[in-house]
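Peer 1: Letter by letter, the sequence shown follows residues 1 to 272 of full-length UniProt numbering.
Rather than coming from a laboratory, the hints here were simulated on the basis of the structure.
For every residue, glycine included, the Cβ atom is placed at its ideal position computed from N, Cα and C.
Honestly, I wouldn't trust all of these hints.
The calculated label-pair distances, taken between Cβ atoms and stated as ranges, are [what the hints assert, rightly or not]:
hint : residue 1 : residue 2 : range
1    : F236      : P80       : 31 to 39 Å
2    : Q74       : E233      : 17 to 25 Å
3    : R78       : P268      : 26 to 34 Å
4    : Q270      : P66       : 35 to 43 Å
5    : V156      : H264      : 32 to 40 Å
6    : Q270      : Y118      : 21 to 29 Å
7    : Q270      : D187      : 18 to 26 Å
8    : P268      : T208      : 37 to 45 Å
9    : A31       : P242      : 23 to 31 Å
10   : E67       : V256      : 33 to 41 Å
11   : V256      : P193      : 17 to 25 Å
12   : D249      : L228      : 37 to 45 Å
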Amino acid sequence: MLSAKGPSLGRKSVLIAHLSDPHITTGALAADPATGLYRALGRVLTLEPWPDCVVVTGDLVDTGRPEEYAALRQILGRFPLPVHLVAGNHDDPAHLVAEFGGTHVGGTGDSARYTVEYPEVTFVVLDSRVPGTPAGTLGADQLAWLDGELSRRADVPAMVCLHHPPVAVGIPFMDGIRLSDGAELLDVLARHPHVVRLLAGHLHRPVTVNLAGTVMSVAPSTYRQIDLCTRVEAPFGYVHEPTSFLLHDLTGTTCVTHQVQVSHAAAPVQGF
Numbered sequence: 001m002l003s004a005k006g007p008s009l010g011r012k013s014v015l016i017a018h019l020s021d022p023h024i025t026t027g028a029l030a031a032d033p034a035t036g037l038y039r040a041l042g043r044v045l046t047l048e049p050w051p052d053c054v055v056v057t058g059d060l061v062d063t064g065r066p067e068e069y070a071a072l073r074q075i076l077g078r079f080p081l082p083v084h085l086v087a088g089n090h091d092d093p094a095h096l097v098a099e100f101g102g103t104h105v106g107g108t109g110d111s112a113r114y115t116v117e118y119p120e121v122t123f124v125v126l127d128s129r130v131p132g133t134p135a136g137t138l139g140a141d142q143l144a145w146l147d148g149e150l151s152r153r154a155d156v157p158a159m160v161c162l163h164h165p166p167v168a169v170g171i172p173f174m175d176g177i178r179l180s181d182g183a184e185l186l187d188v189l190a191r192h193p194h195v196v197r198l199l200a201g202h203l204h205r206p207v208t209v210n211l212a213g214t215v216m217s218v219a220p221s222t223y224r225q226i227d228l229c230t231r232v233e234a235p236f237g238y239v240h241e242p243t244s245f246l247l248h249d250l251t252g253t254t255c256v257t258h259q260v261q262v263s264h265a266a267a268p269v270q271g272f
């Protein structure tokens, strides 16, 4: 799929903008999350060439209410690039699918797990949300489905997208609410060497981990970041660090990832 911004000067790579954790809400606290996502998407549109698509790895909204997804639709409705949405622990998959299923920013229309096939890359989107807990689980059925989806185009690079990281990253509070069946997910990934990236969110920080023959890239939040507190006794909290997103540049089976700053004085932003 070519960029929507005209010719890419002979470029053969695929560009994927990877955003996460916008936490869109309504009411008195709605302004900052909405502005953060809008600015990040506006920054995406300043890139030359435009990315081929955008992936947002979960916690799309803050409480999973239908009116929050309606607010998210207002932000995404005029955005000109394909957007692939992933459910996080703050989301409600049923409300997410009701608002976005079957649209250019959703999947097939009946599930928060789905597959998107581009000529150069396959995205397999998972739903790791478990009601009543901030931790995540995929379950045996979804892992079997993932195994089957990855087997269908083994000759094409794939990216697996979910919210919860499957391994500990050294932040005790967040490690306690990671994916509970992460080892089982890694077993599946290890059987599919064409998986070039595992795209995740949840951590509100940029984090990179090599695992199961691939690389996990965790995108920071477009809203606010989590303090890098690596001691168990350290207080957990948010910090107003600059916001950013990741840009994955995939050429064949080689994937290069850049961090793109958003909320600083030198970052250009385009309206849409």
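Peer 1: Please list, smallest to largest, the hint numbers that this structure does not respect.
Peer 2: Structure breaks hints 2, 3, 4, 7, 8, 9, 12.
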